[in-house]
Amino acid sequence: MRKSLKAFAVFVLVVVCVVMLAACDANAEYYVLGTFLEIKTEGAGGAALADEINAFMQETELAVSTVMEGSDIYAVNAAPVGEAVACRPVTMEIVKEAEYVYDLTDGAYDPSVFPLVELWGFSPDKFVAGAEGNIPTDEDIAATLEKVGFRKCFSVDYEKGTVTKLVEGAKLDLGGIAKGYAVEKALSEVGKKQKALVNLGGNIGAANKTYRIGISAPREYASQYFAVVELYAGECIATSGDYQRCFIKDGVRYHHIINPFTGRPADSGVAGASVISSDGALGDALATAVVVAGTTSADKWVSATGCSIIAVNGDMAVSVFGGRTVECV
Amino acid sequence: MRKGGGKAAEAFKSLFKAGDLLLLVVLLIAVALSVWVATRPDGSEARVYVDGELRCVLPLSKDGETQLADVGMVITVADGKVSVKESDCPEQLCVHSAPISGKGGMIVCLPNRVVITVGGEVDAIT
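Chains A and B are the protein sequences, given in the same order.
Note that this note's numbering numbers the first sequence so that position 45 is 45, with each residue one more than the last.
Going from the second sequence to this note's numbering is simple: count from 1 and add 1000.
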């Protein structure tokens, strides 16, 4: 009797141990903001936390999507010139961040570049990887450039919470900053609760733990990533590159990161740029700016914001700004 | 509540001697470790998820093709790397994604909601 009681007690303890272990780590997946969201958590309550983060991101998408009727950005883009469109606080917050990075980078990151992205056929609804791309005429590029330029094309009233379009055909797109913003907010949601990694389509945030992050190789390589960095608790990393949406014609690479000054795909020499910062929105937008403008101003941006920048060119030569240790693999 | 807890502790003490307890701790650690090792994704295999559900596990050491008929996708394992050979999605970004080696990585097909992962030496890829 005593022996069987003992065996039963051991069995119960083992089962409890296995169940607790299985319940501790959670890996949740969602589709939001036009991409894939992965949340890895350690500790109890991870699944509920992941659902909360996803719900917040779905709300953000409803506010800033360019294609969802009812979103603020959809309304701004559809409104006639001169009509002030009232936007949700979250939209205004992201617009404010976008304007900050636009000014910091002297317009290299421009949230109004979307008409050019559409002209080149790189908008998500049009682009087909591997298909032969079309190069627009100089006339078409010049005409579209008239509709690009954040200051020229939009006016923002932060007190009233409105955005007004000033040029017919201009379009606002926060896709290059909203994901970084959402990841940073997700980290605030996690707080000190548990160890978590939030990965929204390559915009990654670390909460309460250091994670090892691989940086995508912009050209063919032995592995998907060419370098590894440690992402410390509270930090976000974002990467932009000329290799995600692109086509090659007559040996020339044409890609989706359009230089808002020339109207053509950026040719700064930077093939991929990653930015590490506690400000996720900043990192997301700045990564694009580095691909557009190159690394000439990288030191200035690092000292202004405290971020770190890792840039790689088409020959896989790496430049690091901000003193971050990068382990090349 | 405290009284009940005290009773349980007493029963526990009367059931297990000091030597038993040591053995029990070792057993629990061994069970925990084996569960962790068994469930931890490593660089030897690719896990294919469709809409969040684990559909198949492909060893990277075994070359071959796997067809996911319902989502119109063909996944290839060759020379220790996994890639998407065909997909009926409109974007074709998955087909043109870099193959994943044993060092780890991820290929996502958003329209088909397919995720292929190899757990390797990194926690995520940016």
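By construction, these hints were calculated from the structure, which means they are not laboratory data.
From the three backbone atoms N, C-alpha and C, an ideal C-beta is built for every residue, glycine too.
Don't take every hint at face value.
[As the list claims (entries may be wrong)] Estimated spans, in silico, between C-beta atoms of each pair:
(1) B:1067 - A:299: 44 to 54 Å
(2) B:1014 - A:55: 47 to 57 Å
(3) A:191 - B:1111: 29 to 39 Å
(4) A:314 - B:1054: 46 to 56 Å
(5) B:1024 - A:327: 34 to 44 Å
(6) A:146 - B:1062: 52 to 62 Å
(7) B:1067 - A:131: 15 to 25 Å
[Stated by the list, open to error] Not close to chain A: a few residues of chain B, all C-beta gaps over 12 Å, as computed:
(8) 1007
(9) 1020
(10) 1044
(11) 1045
(12) 1051
(13) 1061
(14) 1062
(15) 1071
(16) 1076
(17) 1078
(18) 1104
(19) 1117
(20) 1123
Structure versus earlier hints, numbers of those that do not hold, lowest first = 4, 9, 12, 18, 19, 20
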